[in-house]
Amino acid sequence: MRASSLIRLVGLSLKRDVRGAVSSVFGVTIGIGALVFFVALGLGIGRVVREKVFPVDAQLVEVVPSQLTLGSMLGGGKIDQATVDRLAALPGVKKAWRKMTVRVPAVSRYDGEFFGSRLHLGLEVIAVGVDAELVRADVKLGEFIDPGEGQPIPAVAATRLLDIYNHTFAPNRGLPKLTPTLLLGFQFPVEFNRSFVVQAKPGPVTATSMQLVGVSDRGILAGLTIPLDTAVRLNKASGVDAETFSAVTLQAESPSHVPELAARVKEMGLKVDEQDRRWAENAGAAVLLTTSALALLSLLICLLAAVNIAHALSASVRTRTKELGIMRAVGAAKADVRALVFAEAAALGAAGGALGSVLAVAAAFALDAAALTWLPQFPFKPDSFFSIPIGLPLAGVALGVLASLTGAWWPSRDAAAIDPARALAG
Amino acid sequence: MISARGLKREFSDGDGGSLRVLDGVDLDVKQGELVAVMGRSGSGKSTLLHVLGGLDTAYAGDVTVAGTSLKGLGDHELARFRNSTVGFVFQSFHLVPGLNALDNVALPAFFGAQGGDAKGALERVGLGAKAGRQPSQLSGGERQRVAIARALFARPKVLLCDEPTGNLDAATGGEIIELFKSLNAEGLTVLAVTHEERVSAVAGRVLKLENGKLT
Ligand SMILES: Nc1ncnc2c1ncn2[C@@H]1O[C@H](COP(=O)(O)OP(=O)(O)O)[C@@H](O)[C@H]1O
Ligand SMILES: [Mg+2]
Numbered sequence: 000m001r002a003s004s005l006i007r008l009v010g011l012s013l014k015r016d017v018r019g020a021v022s023s024v025f026g027v028t029i030g031i032g033a034l035v036f037f038v039a040l041g042l043g044i045g046r047v048v049r050e051k052v053f054p055v056d057a058q059l060v061e062v063v064p065s066q067l068t069l070g071s072m073l074g075g076g077k078i079d080q081a082t083v084d085r086l087a088a089l090p091g092v093k094k095a096w097r098k099m100t101v102r103v104p105a106v107s108r109y110d111g112e113f114f115g116s117r118l119h120l121g122l123e124v125i126a127v128g129v130d131a132e133l134v135r136a137d138v139k140l141g142e143f144i145d146p147g148e149g150q151p152i153p154a155v156a157a158t159r160l161l162d163i164y165n166h167t168f169a170p171n172r173g174l175p176k177l178t179p180t181l182l183l184g185f186q187f188p189v190e191f192n193r194s195f196v197v198q199a200k201p202g203p204v205t206a207t208s209m210q211l212v213g214v215s216d217r218g219i220l221a222g223l224t225i226p227l228d229t230a231v232r233l234n235k236a237s238g239v240d241a242e243t244f245s246a247v248t249l250q251a252e253s254p255s256h257v258p259e260l261a262a263r264v265k266e267m268g269l270k271v272d273e274q275d276r277r278w279a280e281n282a283g284a285a286v287l288l289t290t291s292a293l294a295l296l297s298l299l300i301c302l303l304a305a306v307n308i309a310h311a312l313s314a315s316v317r318t319r320t321k322e323l324g325i326m327r328a329v330g331a332a333k334a335d336v337r338a339l340v341f342a343e344a345a346a347l348g349a350a351g352g353a354l355g356s357v358l359a360v361a362a363a364f365a366l367d368a369a370a371l372t373w374l375p376q377f378p379f380k381p382d383s384f385f386s387i388p389i390g391l392p393l394a395g396v397a398l399g400v401l402a403s404l405t406g407a408w409w410p411s412r413d414a415a416a417i418d419p420a421r422a423l424a425g
Numbered sequence: 000m001i002s003a004r005g006l007k008r009e010f011s012d013g014d015g016g017s018l019r020v021l022d023g024v025d026l027d028v029k030q031g032e033l034v035a036v037m038g039r040s041g042s043g044k045s046t047l048l049h050v051l052g053g054l055d056t057a058y059a060g061d062v063t064v065a066g067t068s069l070k071g072l073g074d075h076e077l078a079r080f081r082n083s084t085v086g087f088v089f090q091s092f093h094l095v096p097g098l099n100a101l102d103n104v105a106l107p108a109f110f111g112a113q114g115g116d117a118k119g120a121l122e123r124v125g126l127g128a129k130a131g132r133q134p135s136q137l138s139g140g141e142r143q144r145v146a147i148a149r150a151l152f153a154r155p156k157v158l159l160c161d162e163p164t165g166n167l168d169a170a171t172g173g174e175i176i177e178l179f180k181s182l183n184a185e186g187l188t189v190l191a192v193t194h195e196e197r198v199s200a201v202a203g204r205v206l207k208l209e210n211g212k213l214t
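If you read the sequences in order, they're chains A and B.
All the letters of the first sequence, read from the start, carry residue numbers 0 to 425 under numbering that gives the first Met the number 0.
All the letters of the second sequence, read from the start, carry residue numbers 0 to 214 under numbering that gives the first Met the number 0.
Simulated from the structure, these hints should not be mistaken for lab results.
Since the model is a prediction, treat every value here as computed from it, not as a measurement.
One thing to keep in mind: the hints can contain errors.
As the list claims (entries may be wrong) - SDA-like cross-link-like pairs, simulated, lysine to any residue; straight-line CA separation at most 25 Å:
# : chain 1 : residue 1 : chain 2 : residue 2
1 : A       : K333      : B       : F10
2 : A       : K321      : B       : L137
3 : A       : K321      : B       : L77
4 : A       : K77       : A       : A131
5 : A       : K333      : B       : G73
Using the sequences and the accompanying hints, generate a full structural model.
What follows is the structure in structure tokens.
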């Protein structure tokens with residue numbers, strides 16, 4: 000049978016029982032709609048977790064000194080330049096960036112104009128020096144190098160820190176929200192070797208200032224990221240350890256090199272800081288689990304829709320016994336009759352799948368719009384809670400068709416088994 | 000045109016026994032003949048037509064129609080045979096509801112019949128003006144004309160008619176019988192089974208089906 004004939008016959012029989020068709024389509028619509036909606040939500044939340052909450056770069060390995068190992072007692076476990084060189088030479092390592100914490104406490108006492116508000120605030124500051132290349136791509140003002148004594152220190156803020164400031168800190172204190180561009184060039188005073196909470200070191204207090212030069216995913220979360228040489232200089236000036244590094248960030252050739260690399264690092268008596276990665280994995284797993292459960296539920300609805308279609312088509316085949324017999328008499332083969340029932344099911348499934356997908360996407364957009372207006376701001380609040388790759392609605396349609404075809408299996412067999420001689424008797 | 004040898008067909012009677020409806024039927028119909036098969040209700044007339052037309056395959060014996068031996072044909076080949084070689088006309092018309100007259104006539108085209116002329120066939124049975132009507136908008140006689148046009152659509156070699164006037168009043172039935180007569184006059188082979196004398200009256204040859212045998 001030609002496709003055009005099939006389509007006409009399908010149209011004919013669907014038109015004759017519109018109510019039955021609508022009820023069949025409805026079931027598929029609900030199942031596929033729920034599936035597309037929940038998968039889009041899971042993908043969207045997963046993306047927020049990956050990109051905003053725990054933006055773990057799959058290629059980066061954070062190496063830190065081990066605190067209490069046999070190695071540390073023997074003088075190992077620390078990260079000096081020789082260790083950095085050895086780390087950089089490990090197979091699979093593309094780059095190694097050093098990090099050194101400023102090992103004296105620091106405070107910022109701010110009193111003055113702050114983006115149109117008045118701000119009077121004392122704050123502990125943690126500063127970590129890093130190799131410039133780690134954050135260079137995000138530095139938008141000047142060069143990320145040690146400016147020398149008495150000059151403002153270029154500092155990079157973490158994207159997540161800015162997010163937390165904008166969504167929690169600023170609203171609570173009545174302070175303005177800030178964008179990365181707005182922040183560029185902002186200067187504030189800093190005093191090193193001074194603290195409101197801990198004992199300062201015996202060395203002198205260094206009063207200077209910092210200037211924000213960028214916002215980066217690679218900036219440290221709990222403080223400010225400054226040039227490595229500045230951290231070395233400040234540590235030297237305060238008479239504390241300016242030789243060993245507090246961490247080294249390794250960039251692997253590819254994410255697949257990371258497990259092997261982590262093992263080598265541990266063999267060297269060093270630790271791999273996997274906190275963020277583990278959080279990301281846990282959160283990712285939780286999202287995946289929830290999404291899978293909801294997707295499974297939706298698949299169950301699809302299964303029910305398939306059963307519904309099986310019932311509807313069975314009834315339809317029974318009432319059309321005579322008509323199908325006529326078709327056999329004028330030249331339809333058993334396979335043609337079966338194809339007709341399958342084609343009807345496919346049409347119902349495609350309609351249901353398409354409608355469900357459209358409704359799910361519409362619901363996603365509507366909820367995003369509502370969230371934008373009605374939900375209060377919170378850290379990491381995304382612009383969209385959904386991720387809808389083009390393949391998702393297409394898969395929805397395909398699955399709708401598949402569910403319907405499954406439901407049509409038995410009715411189509413019954414239809415093909417109709418004895419035309421008997422159907423046409425009388 | 001039609002040749003049947005030793006046709007046998009049994010049905011189970013529901014009590015574990017069997018009912019032999021055709022019990023060794025021999026039949027020869029020549030090209031251009033109009034043959035009537037008479038028989039009481041339940042004598043097996045419809046069964047015989049279904050076997051000859053390739054709708055029933057559970058028989059014993061041999062059937063050849065228009066040079067095609069039906070024995071051993073697959074479902075697709077039988078379908079093509081029904082589609083183009085024979086045309087069925089039934090007692091209760093059997094039009095497809097929802098399709099207008101023209102589309103009902105063209106129904107064989109959905110299943111492969113090529114080169115058919117639905118409009119011409121409708122005109123031939125005198126219904127050219129009612130091509131757009133639904134079956135429900137046609138009288139019994141008109142419905143049977145549409146069914147005959149459908150049977151003619153693919154230019155078959157043989158028309159197989161199962162009590163074609165059984166559901167029609169005398170006048171309308173008479174018109175249908177005239178139509179068969181004129182189609183036969185144009186050279187079409189017609190085999191009609193019936194229990195009505197008026198059909199057999201126009202036949203060139205009348206056979207009797209009794210106790211599963213054709214005489
Ligand atoms: N599918 C069937 N199953 C069982 N018995 C059948 C079937 N078809 C026909 N019969 C029986 O075969 C006999 C002949 O039927 P049929 O050919 O329709 O007779 P006719 O057309 O001459 O009235 C009847 O007794 C009928 O009950
Ligand atoms: Mg009969």
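Verification of the hints:
For the proposed pair A/K333 and B/F10, the alpha carbon gap of about 22 Å is at most 25 Å, so the pair holds. The suggested pairing of A/K321 with B/L137 holds, with an alpha-carbon distance near 19 Å, which does not exceed 25 Å. Distance hint between A/K321 and B/L77 is fulfilled; the C-alpha atoms sit about 19 Å from each other, no more than 25 Å. With a C-alpha separation of about 22 Å, the suggested pairing of A/K77 with A/A131 holds against the 25 Å cut-off.
The straight-line distance between the Cα atoms of A/K333 and B/G73 is roughly 11 Å, inside the 25 Å bound, and the hint therefore holds.
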